[in-house]
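Residue numbering for the sequence shown follows this note's numbering, beginning at 678 and increasing consecutively.
Hints in this document: simulated from the structure, not taken from any laboratory. Treat the hints with care, since some could be wrong.
Said to hold, decoys possible - In silico lysine-lysine, DSSO-like type, Cα no more than 30 Å apart, as pairs:
1) 913 x 848
2) 705 x 953
3) 872 x 891
4) 772 x 872
5) 969 x 705
Said to hold, decoys possible - Pair by pair, the computed Cβ-Cβ distance ranges are:
6) 900 x 836: 19 to 25 Å
7) 709 x 991: 18 to 24 Å
8) 710 x 991: 20 to 26 Å
9) 992 x 826: 48 to 54 Å
10) 709 x 798: 40 to 46 Å
11) 969 x 992: 36 to 42 Å
12) 990 x 795: 31 to 37 Å
13) 739 x 908: 40 to 46 Å
14) 836 x 888: 16 to 22 Å
In this text the structure is predicted, and so the values were computed from the model without any measurement. Using N, Cα and C, we set each Cβ at its ideal position, and we do this for glycine too.
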Amino acid sequence: MKDVYQIAVVHGDGIGPEVCAAAVEVVKAALGPDCPLRFTEYPAGAEHFLKTGQSFPEPTFEACRAADAILHGAGGLPGVVYPDGTEAGLDFTLKLRFELDLYANIRPIRLFEGVTSPLSGVKAGDIDYVILRENSEGLYAARGAGALLRGEVAVDTLVQTRAGIERIVRKAFELARQSNGAPRDGVRRVTCCDKANVLRSYAFFRSVFDEVAKDYPDIATEHALVDAMAMHLVLKPGHFNIIVSENMFGDILSDLAAATVGGMGMAPSAEVGDTKGFFQAAHGSAPDIAGKGIANPYGTILSAAAMLDWLGRGHGDERLLRAADQIRRVTEACLAGGLLSADLKGRSSTAEITGNVCDRLAA
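Generate coordinates for the entire structure from the input sequences, incorporating the hints supplied.
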């Protein structure tokens, strides 16, 4: 337990400053006047790149490295790219993942009461699982290291190591042990999602998964090919508990999954390693609605709750654990009470949602 926790706040682009500010306000309300978190803002992102030529300045990186945790809004703007066509605003998240070894990207997918799923007949409680995305290897590890030959051939390499696969798979089984199991049958289950029938790298991922699974006889296991998984998440979402996958597959599937529970505004994430943690909603910067006051802050608020939970568990700090639980319960009550943003077919503004959450926390 620490007297003060240093939180590096990077608002980023588009709606990032709006949703990030909302999350900070909520955290302060949950912890009260004796809040032990100290929030310090640092610049990064596509907008900063346009102004300075740098998307992730070194002082910001060093501050993030030194902080107890990092809270982010959103990054990237359409058309703001490097000469090779890759987005300038993504350097912030990608460098943190690789340099700080944030190997576990935890993306909970839950349908809350008050939120309508586009899936017919699905109600609150029917969807409640976690996509665990390996965050430091896979195809995305090739960023900046691929080859473009004479404008005719482009190559990026998919890299997977035994050590990298084993630790993310063990994380999946540990999460399953802590869970209540799948909504449909209550079974604690880990699903390995890959493309083992085509590529050796994914067959290797599956083989290591099977080896690690032997250490967890109390947890049910299964395999699913990624193309079939895209179908399963629509047709039988209640079957799943923990899904573990390679970096790119986890990225794609978590966006599909978010759509089944109200959209990207309802998609929190925690990116953690053994000692460092980075927290942001899984959505993009949505520049088309930036500044209009209608951005959905729930994803970032829930990401901030995950930050408190991670810090609280790591430091044995009951204050933070209680605050995380309160934020989740109040968020659930606000959604059930119809406090919905425009993307959820509601009329509540970012400020209205934030204010209501804070008022309930203070009550």
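Hints, one by one, checked against the model:
1. Restraint check for residue 913 and residue 848: satisfied, since their Cα atoms lie roughly 24 Å apart, inside the 30 Å limit.
2. Taking the CA atoms of residue 705 and residue 953, the gap is about 21 Å. The hint holds against a cut of 30 Å.
3. Distance restraint check for residue 872 and residue 891: the Cα-Cα separation of roughly 21 Å lies within the 30 Å cut-off, and the hinted pair is therefore satisfied.
4. Of the supplied pair hints, the one linking residue 772 and residue 872 holds, its CA atoms being roughly 27 Å apart against a limit of 30 Å.
5. A threshold of 30 Å between alpha carbons decides the hint, and for residue 969 with residue 705 the separation of about 24 Å falls inside it, so the pair holds.
6. Between residue 900 and residue 836 the beta carbon distance is about 21 Å. The supplied range of 19 to 25 Å therefore holds.
7. With their beta carbons about 21 Å apart, residue 709 and residue 991 fall inside the hinted range of 18 to 24 Å.
8. Checked against the hint of 20 to 26 Å, the pair residue 710 and residue 991 passes, with Cβ atoms roughly 24 Å apart.
9. For the pair residue 992 and residue 826, the beta carbons lie near 50 Å from each other, so the given range of 48 to 54 Å is met.
10. A beta carbon spacing of about 42 Å between residue 709 and residue 798 agrees with the range 40 to 46 Å that was offered as a hint.
11. Separated by about 38 Å at the C-beta atoms, residue 969 and residue 992 satisfy the suggested range of 36 to 42 Å.
12. One distance hint, 31 to 37 Å for the beta-carbon pair residue 990 and residue 795, holds here, with the actual separation near 34 Å.
13. Checked against the hint of 40 to 46 Å, the C-beta distance between residue 739 and residue 908 comes to roughly 45 Å, which is consistent with it.
14. Take residue 836 and residue 888: their Cβ atoms lie about 19 Å apart, and the range 16 to 22 Å holds.
Going down the numbered hints, you'll see the structure goes against none, and every one checks out.
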